[in-house]
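Kindly produce the complete structure, drawing on both the sequences and the hints.
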Amino acid sequence: MEESSILIGGKAGDGINSAGMVVAHLFNRMGYRVYMYFDYPSLIKGGHNFAIVRAAREEIGAHRSQVDFILALNQDTVDFHGGMVHSSTVVLYDRSKVRAEGIGIDLPQILKEEEAPPVMGNSCIIGAFAKAAGIEWKVLEEVFARQVPKALSLNLKVARRGYETASECCRIGTLGSSPVPVISGNEAIGLGLIHGGLDAYVAYPMTPTSNILHFMAEVAETHDLLVFHPENEIAVIMMALGLGYAGKKAAVGTSGGGFCLMTEGFSLSGMSEVPVVVVLGQRAGPSTGMPTYTAQSDLHFALHAGQGEFPRLVVAPGDAEQAYTWSDLALRLSWKYQVPGVILCDKTLCEGFYSFSRLDAVIPRIDLPTKASPGPGYSRYLFSENGVSPLLFPPSPGTVIKVNGYTHDQAGITTENSEIAALMSEKRQKKGAALASEVSSLNPVVVGGDTGSDMALICWGSPIGVCREVAGSMGLRVVQPVVLSPFPKLVLQDALQGTERQIVVEENAEGQLAMLLARHGIRPHSHIRRYDGRPFAVEELEARIREALA
Amino acid sequence: MTARNLITGAQNTWCPGCGNFVIQFALKNTITALGNEGVDSDRIVLVSGIGCHAKMADYLNVNSFYSIHGRTLPVATAIKMANPELVVIVCAGDGDCYAEGLDHLVFAAKRNSDITLLVHNNRVYGLTTGQYTPTSPLGFRGRSTPSGTVEEPFNPLAIMLASGATFVARGCTRRMDLLQRTIMEGIRHPGFAFIDVLQVCASYYNLSDYYDSRVYEISDHDERDFEAACRKAREWDYNADAPIGLGTIYRAKRPTLEERLSAIRGTETDRDTTIRNVLEKRT
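Residue numbers (the working numbering), protein chains in the order written: chain A, 1 to 550; chain B, 1 to 283.
These are computed hints drawn from the structure, not numbers from a lab.
All C-beta atoms in this analysis are idealised placements derived from N, C-alpha and C, irrespective of residue type, glycine included.
Heads up, some of the hints might be wrong.
Claimed, not checked - Short derived list, chain A residues pointing at chain B, Cβ under 7 Å: (1) Arg57; (2) Leu191; (3) Ile194; (4) Asp224; (5) Ala235; (6) Glu264; (7) Pro390; (8) Pro394; (9) Val400; (10) Thr414.
The structure is reproduced here in structure tokens:
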């Protein structure tokens, strides 16, 4: 078998996410590429959580609508996911709580005999799964040693009991590839920012980007990185601007609600030309919406947030590798052109896990302009050909560095002079044009699938995973604009050259990418939209495309 | 450095008789005095909000971040975190700091970042032409409250004491020498220094005579005694008639935010090593 899907479910507090990760790493160790989708409600204990781990020979970024194994720690796992069962799906379940057909294991009995706490039930069922799937014990042992941080020997004992209790149903073969890192989209963003030169990360917790804050805080225990969690999102963005003024490259992370609070500071970044990068993790809105479910409904919010007119960078990576690359680029571009930047992601990308190949070598190098020379003649907002003024940070000898949210002159002093006001607006416009020109040389549009096909799927953000796969299987071209502001119109037109039929796939109700395309004269024929907080499974999207083409 | 003209060429637009002139001179003299003590003016950063007070950023020829309404303190805290060598002075208004940005004020006191805050407290919105602020007295008739306000003012000193501020003082633009001494004390204080500056608004709330007959310089007061500080802070409630004490009312020693942050800061600076270590753990 070259591909497997495993669903593991239980209540919040059962450790479903970490159990999913261990399953993902079993496949990783056997040479598979993996993807994990984690679905959980907004509560701490109880409810129903599940993870779908999918393993395949090639890199993937989507789940299937059917699974080969179900690992059930609660009855809901069997009851809710009946539709995902096929004729040879194997169900492993906790016999003490769950009524099902398959391999029942009395988890409480085993845990009692081994004097293990209830949370180790997932280790036991993973042991049973390994046996049922024909995975060698030594693979499980290796994975546990690397991935189980606490009480390794007891976890192994409990897993061994599960392994001995189950019987082999099939034999998942080992592939030749070596294991690669398996990281979440959030971690990819964090690592990309660090690679791009990040000095500080400031955030207030909010799903789905809280885990960037946790990740950065963990990194900062050893790495020289300032990580700060202040009183609210307004303080977050204002702190980032204070750090930027003092020369520290800062990023912030939030979701739509937090970004609402940040917009005044975001506009200040545009006017004061102090760079900041905002990681905006979309989730189902409006308002609080469904906090732990996915959406792509903040594109226009990101494109238009903040009063007044100023250039901004908006990038929407769709998988871990793009997240790493474009977080690096977003930080560097934001500093090179002294504009605010947004990394627009969503719950599916942020909290999904991906096999990750680090492609540092192919990340284009964005060099920051040389610093100005200090002295009394320094002007923070000096006019220049491309609108970008040389930077200095305090303290600089004999130099006064003034930044200002009011309309200002070149020295940074407030003015209401009409000529200067117009020139300063033009300065910002020039920066936007310079940014647009550089962006167009950075492969801002990804083309995949059958690149010769005259039918194209157009998508943005995390649906690239499912679109790429479906495009491959159905013989379609897939076109993904990664940069959405400045909009890479010419590159996109090029990417769509020779297509007669275009279908836009996005996870919102109003067709936000479609509207953006229309503004640039691109009017696709069909639209596939989803707005129930869930990402498309491969088969679901295939069916919707067939429907659209019928 | 060579002595720098501390006043920019920007045209000053404060009203004649505005209390801001007094604060500007006090600040200018303080910066000059700091220069004489070896604190280079290049190290000074002024952060202002929005309001009449904020024009200080245009008028003083020092590094400045002219921020937005209510949002001085997070900017100032971050500048200090970014580079503890900088001397960060914040000018904020009472509408700015006590209304729009009160959350940040409480947290600045809680954090004890080593910055100095001057609240230009004229107890009225000047730039928006005369509305009440959190420190206007009950019944204040402003343009949004023509029949008088229906809420008591709050006492910013009491709020700061309750929030853990380590330096709490009051000044008045009618007593410039004392104000200047208080600002210098605030800047020298290692930690968050809060100075409420009673400021005359010549156009919308001219309390010159009122302050002249009530302010006095605090003496015979133990500023290390928290209970005594609380009593002193409550002597005048910004509403009823009472003597108004000026000077430092509380001072305490506590590690600063920057000291605590530097104690837990990681040391690895090679980005590639850090990224490789993270990825290794996740393989």
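Each hint tested on the structure:
no.: 1; hint: Arg57; in the structure: 18 Å, violated
no.: 2; hint: Leu191; in the structure: 5 Å, holds
no.: 3; hint: Ile194; in the structure: 6 Å, holds
no.: 4; hint: Asp224; in the structure: 5 Å, holds
no.: 5; hint: Ala235; in the structure: 4 Å, holds
no.: 6; hint: Glu264; in the structure: 6 Å, holds
no.: 7; hint: Pro390; in the structure: 16 Å, violated
no.: 8; hint: Pro394; in the structure: 4 Å, holds
no.: 9; hint: Val400; in the structure: 6 Å, holds
no.: 10; hint: Thr414; in the structure: 5 Å, holds
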